[in-house]
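Trainee: Given chain A's structure and the hints, the job is docking chain B onto it.
Protein chains: 2
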Amino acid sequence: MNMVPAGASALDLPAAMAAAAAEIDAALDEVLPRVEGDEARLFDAMRYSTIGGGKRLRGFLVLEGARQFNVSRQAALRVACAIEMVHAYSLIHDDLPAMDDDDLRRGKPTNHKAFDEATAILAGDALQSHAFTVLAAEATHPDPAVRIELVRMLAHAAGPRGMVGGQMLDIMAEQSCGALDESAIGRLQLLKTGKLIEFSAEAGAVLGKAAPSQRQALGAYGRELGAAFQIADDLLDATATTEEVGKATAKDAGAGKATLVGLLGLERARLQAERLVAQARDHLDGFSERADMLRALADFVIARRN
Amino acid sequence: MNMVPAGASALDLPAAMAAAAAEIDAALDEVLPRVEGDEARLFDAMRYSTIGGGKRLRGFLVLEGARQFNVSRQAALRVACAIEMVHAYSLIHDDLPAMDDDDLRRGKPTNHKAFDEATAILAGDALQSHAFTVLAAEATHPDPAVRIELVRMLAHAAGPRGMVGGQMLDIMAEQSCGALDESAIGRLQLLKTGKLIEFSAEAGAVLGKAAPSQRQALGAYGRELGAAFQIADDLLDATATTEEVGKATAKDAGAGKATLVGLLGLERARLQAERLVAQARDHLDGFSERADMLRALADFVIARRN
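Chains as they are written, first to last, in UniProt numbering: chain A, 1 to 306; chain B, 1 to 306.
Pulled out of the complex, with its shape left as it was, chain A reads as follows (with noise of 0.2 Å):
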């Protein structure tokens, strides 16, 4: 498996998805309150874990997906933005002791580490309340109705029905040993972190009021790529080591989490990956080869090594 298809081979995928992250980065700087006055701690835990070190995949699928629609850049980015810090919430609080009980993220001690622990909870509180507000704001579109449509979409993929409910599910495998079959498990990756990414490649589109048809394309392309991603970070978790990814690695199997290639084997599940990554492809038929780096990131998802 290449990182870059064919007939894409002008695309730098890692260094665009570099120059991407940089730019998500400063436009955090931005959004994310300045660390001074007497809440300084909370201001600084929330930029802690979100601004620097993520390899910015729900990002960089908004700047993708609203690059079919001449989006405005400003309108993209602060999408960008509430999408990473929703995802940075939810892992600082994944990672807390009650949670996983994680000690390392993105290669640095997780929150509650450096911090502590109701410094962590507030944090991923107030990131959350935050993605909100930036989605609000006038300056991620003129148009309320759009506004309204993302802020109804990313609070359905983070909530109860969402994320939220993938990680109930998850700790609830985990205390029943990962006795799930292949569907309750696609299911729960669905919600867990599907949702987030479906979202992700879908808000383009909402920004640049598509065509329902193209709206739906970038949708699905997401919730395939959100699941082949799922798996691969499962198959890195399985074959790779601490410091390729900058976590603890091989937790899965120990933790009783459920997965597929704790169901399937490596090999199955890592056929599994590359026929939801083709599928994915599928889905963008119907766009220009504006679309070539959404196409390749379907590719480098299950090629990536960390």
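Hints were generated in silico from the structure; no laboratory data involved.
Treat the hints with care, since some could be wrong.
To be verified - Label-pair distances were calculated between CB atoms; the ranges are:
1) K113(A) <-> E289(B): 55 to 65 Å
2) A139(A) <-> E138(B): 41 to 51 Å
3) D181(B) <-> P212(A): 51 to 61 Å
4) E174(B) <-> D101(A): 49 to 59 Å
5) Q74(A) <-> D181(B): 38 to 48 Å
6) S176(B) <-> D181(A): 50 to 60 Å
7) E138(B) <-> E289(A): 15 to 25 Å
Stated by the list, open to error - Here are a few chain B residues that face chain A, going by a calculated C-beta distance under 10 Å:
8) L96
9) L154
10) L190
The structure presented is a predicted model; accordingly, all values stated were derived computationally and were not measured.
By construction, the Cβ of each residue, glycine as well, lies at the ideal position given by its N, Cα and C atoms.
Mentor: This is chain B only, laid out in the frame that chain A set:
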């Protein structure tokens, strides 16, 4: 201090609050996910801390504010649900072992005692998202500009420059053993509880597309009311029993909490609360007798014993 002000003796505030609480509970039952499916535990925990037991001060403010402008009952109830969900989420997280470590809330075990810490963290997170889902839905108001304004206000009131900022200040004040002056305590409490109460009082004016002056008057009423309410809460902590209020009392002094009661003493704090209540009522001068319940509420917050 009478509970019912002169000239409003026909008002039965406690009965009105009880009726509103029942109506809000029924609306919460509608908008919260049913307890079914594999995530039932999450939905159960969300409901456990949201439906039943609260005074519904915030929800009542939304309903009474909306009454001034002939807002539809459905719209007002949905906003009341959203603010009560945010309030419930903040209590769940506040009660966690890493925060205030409380076992009792509204006369029953706190969420993490009834369920577990991980579930409590997730239930709080999901309630915050779900509040925005409820606000963003078309059923809340046909005009997207109204819905996005409510989202903007609530996200700000709940976020790092509102409630969560106040919670951070509160924790830091405890660690520095309550050495705050009157103005720092006032700011802490404005953020921690005042902002959501201000939102509640103002929301009806937004739903009713009221004139800016009326919207500002209701917001100012909410700010003064919130400040009075906080002093009353601290007075209760200092003087009432656990049985009366349904949660642990006399905790503030032991925990070195920064309160005006601790700084000013019981009598001066009580006078300060009465001054705030008078100011709150003054902001309602431009309103008709339809605001009598809001006037009565101002007196009630400092007269209550639970």
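Trainee: Compare the structure with each hint and give your call.
Mentor: Hint check:
For the hinted restraint 55 to 65 Å between K113(A) and E289(B), the CB-CB distance of approximately 58 Å keeps it satisfied. Range check, A139(A) to E138(B): about 24 Å between beta-carbon atoms, so the 41 to 51 Å window is missed. Taking 51 to 61 Å as the suggested C-beta distance range, the pair D181(B) and P212(A) conforms, at roughly 58 Å. Separation of E174(B) from D101(A) is about 25 Å and departs from the stated range, judged on CB atoms against 49 to 59 Å.
For the pair Q74(A) and D181(B), the beta carbons lie near 41 Å from each other, so the given range of 38 to 48 Å is met. The given range of 50 to 60 Å is respected by S176(B) and D181(A), whose C-beta atoms sit roughly 53 Å from each other. At roughly 37 Å, the beta carbons of E138(B) and E289(A) sit outside the given window of 15 to 25 Å. Satisfaction of the interface hint for L96(B) is found here, the shortest Cβ-Cβ separation to chain A being roughly 7 Å, below the 10 Å cut-off.
Interface hint at L154(B): satisfied, since its Cβ lies 8 Å from the closest Cβ of chain A, which is below the 10 Å cut-off. Checking L190(B) against chain A: minimum C-beta separation of about 13 Å lies over 10 Å; hint violated.
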